[in-house]
Amino acid sequence: MKHAGFELPNLGLGVGLRTAHYAHILDERPDVDWFEVLSDNYMNTEGRPLYYLDRVAERYPVVLHGVGLSIGSTDPLDRNYLNQLKALRDRSGARWVSDHMAWTGVHGRFGHDLYPMPMTDASVRHMAARVRQVQDVLGAPLLLENPSTYLRLSSGAPELSEGDFIAALAEEADCALLLDVNNLFVNASNHGFDPYACLRRIPLDRVVQFHVAGHSQADGYLADTHVGPVPDPVWRLLAEAFRLGADASVLLEWDSEIPSFEVVHRDVLKARRFIDAARAPTSGSNVAQGARP
Amino acid sequence: MTGSVDSLPFGLRDTQQLLFDAVTIADESGQSGAAAQLSELIAANGLGALRRVAIYRSAYRARLVECLADDYPATQYLLGHAAFAGLCREYIHEVPPGVTLNDYGARFAEYCLQHAPEHASLASELAQLEWALVTAVHQSDARKLAPAELAALTPADWDSASLLPSPTLTLVATRYPVNGFLQAFRDDRAPPPPSPAPSWVVVCRDGIDVWRIELRPELAPLFARLVAGEPLAAALASMSSSAPDADAVETESMIQQAFSQWMRAGCFSGIRRTSSG
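Residue numbers (the numbering used here), protein chains in the order written: chain A, 1 to 293; chain B, 1 to 277.
Rather than coming from a laboratory, the hints here were simulated on the basis of the structure. Honestly, I wouldn't trust all of these hints.
Just some of the chain B residues that point at chain A, by a computed CB distance under 10 Å [unchecked claim]:
#1 G11
#2 T15
#3 Q16
#4 E40
#5 A49
#6 Y77
#7 G98
#8 T100
#9 L101
#10 D103
#11 Q139
#12 R205
#13 M263
Computed from the model, here is a short list of chain B residues facing chain A with C-beta under 7 Å [what the hints assert, rightly or not]:
#14 I42
#15 A43
#16 V137
#17 S140
Just so it is clear, CB atoms sit at the ideal spot from N, CA and C, and this is done for glycine as well.
Work out the full structure, taking the sequences as your base and the hints as a guide.
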C-alpha cells in the first residue's frame, strides 16, 4: 500500500552508521540490509569522514538523515546547506533524504536541537512551501520525520492533534514520511495522548521509513535518548503500523552508550518477529482496511 | 530562496525568537525573561511550562559540552570533568554555535588560556594539540610527496624549490610536553600534569591514519622553515648555522631520517619551484 509517487524501495532492516562501528563494518562486511547516514556529520568536512562514507556507500544502500534543514524556521532556507546536502546525496547515491518537522534556529542563530512547531494550519502551510523548495533543489524525495517534543506551543489559533498535524503536512507538501515510533511513544507519554489513536490518523501509505530507538525515564518525563535496546512498547507500536498496512524500511538509532555493532544489529533484527506477528492472519484482520481512519 | 517575512504565519517568528532566547540565554538562576514570557504560550500538561523549557535549555548545553568533550578528551581529563563542564558552559555563553558543529571548538584552546581554573597554559597547549588532530581529520586529502620527487632535485634546484605542506598538517610548538601527556592519557595511564619542557609535534593525516610526530629540538626550526615555504637550501643552511659545532655526518644522517619519516607520514604534498629572476 504505497501512495502513488512514493514507491521507494523497502530496504529492509537497517542500522544508523556511527563512527564507533566504521572499522567493524569495513573489515567484517556484516550482512546488514542498509545504513542511514547522519548527513550533517559529512558536510563541512573534506577529510576522513568522507572516506568512510564512500566505502560504506560502495557496499550498502544508504539514505541521508539530517537535523539542519530547519524546515520550520522563519529564517530563509540556507541555500549553502542545501547545496552541500545535494552534493552529499549525489556523492553517496542515497536513496532518499530525510529531516524533521521542526526548526533548529532563528535569526541566523543555531541551537542544534529540534524545536517544536505550533501544530496549526499556518505551520503546515509554512513548512509545506519550504518542503517543495527543498525537493526542487535536491531533485530527490525528502522524507519528513515527526520529532520528539517536550512542549506544545500554543499560538492561539486552533490546534491540530499530532496525528492530524503530520497528516496535514504530508498532504499539503505532498511528501513522504519517516515515522519515528519511538518519538510517537515518547510524545504520547509527555503530552498525554494515545499513541495508537495517533497512529491511525497518520497516512501510512506515505511512510517510506520507520525509526525505532530506546528512550529513558527522566525526572517526570520520557527523554528521547536513543540509548539501549528498543523497548517492547515501541516495537508494539511499530507492529501496529504494519498491521494497519504500512510496508516500509525500518532503521534502528542507537546514539548513547553505543555497544558493539553485533549488539545493535541484533536489536534491529527483532523487528522481523514483531512485523511477522503483526502480519500473521490471526492478527491481521484490519490489514486489508488500509491505514486511513 | 528567500522567504518573505510578510508571508509567514502571524506570530511564528516572534514565538521562535522567544523560545530560542529562553533556551540559549539564561541568567544565573537558570531562568530568562524570555522563558517567563514564553510560559504563557506553552500548554502545561503535567510538567509546568518553565520545566518544559528547561529540558531544551539543558539539552542545548549538554549537546555543546558533549561536542567539546569529543574534541578535547585529554583536556577534559586534565581539568577534571566538573571543571571542564564549567569552562565549556562559559565558552558556550561567549561562543554561540554556527551552522556546523565541526568547527565549534576552534577557539577553545585560546579560551582555556584565559579562563581555565587551573593548569591554564598546559590546558591551552594540550587543546592546541587536540584541535590539530580534529583539523587533520577534516581537512582535505592531499597527494603524498614521493621520495623520488625529492631525490630528483638537482643541487641547483634546492635554491628555489620549497615543499608544499599537506592541508592536514599543523606544527604544534608548546612549552609543555603535551604529546607525551596525550599518549599516556590514551593508554589509560592516568598521567599527572607534566612539568614544562619544550615540545614540537607535527600532526598530519595520511589516508585514514592521523600521525603525531615529536620533533627533536634541533629539527624543529628546520621543519618550521619548510612549512613556512622557505626554499630547501635556505632552510637547511639555517640549521647548520644554528649548530656550527655539530658533527656534519651525524646531522646529515639525522636530516635524512627525518625527511624520510615526514614524507612517509604525508607531511608534504609536493614541490613548489620559484623562479629566481
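Name the hints, by number, that the structure is in violation of. Checked against the structure, the hints that fail are numbers 6 and 13, while the rest are satisfied.
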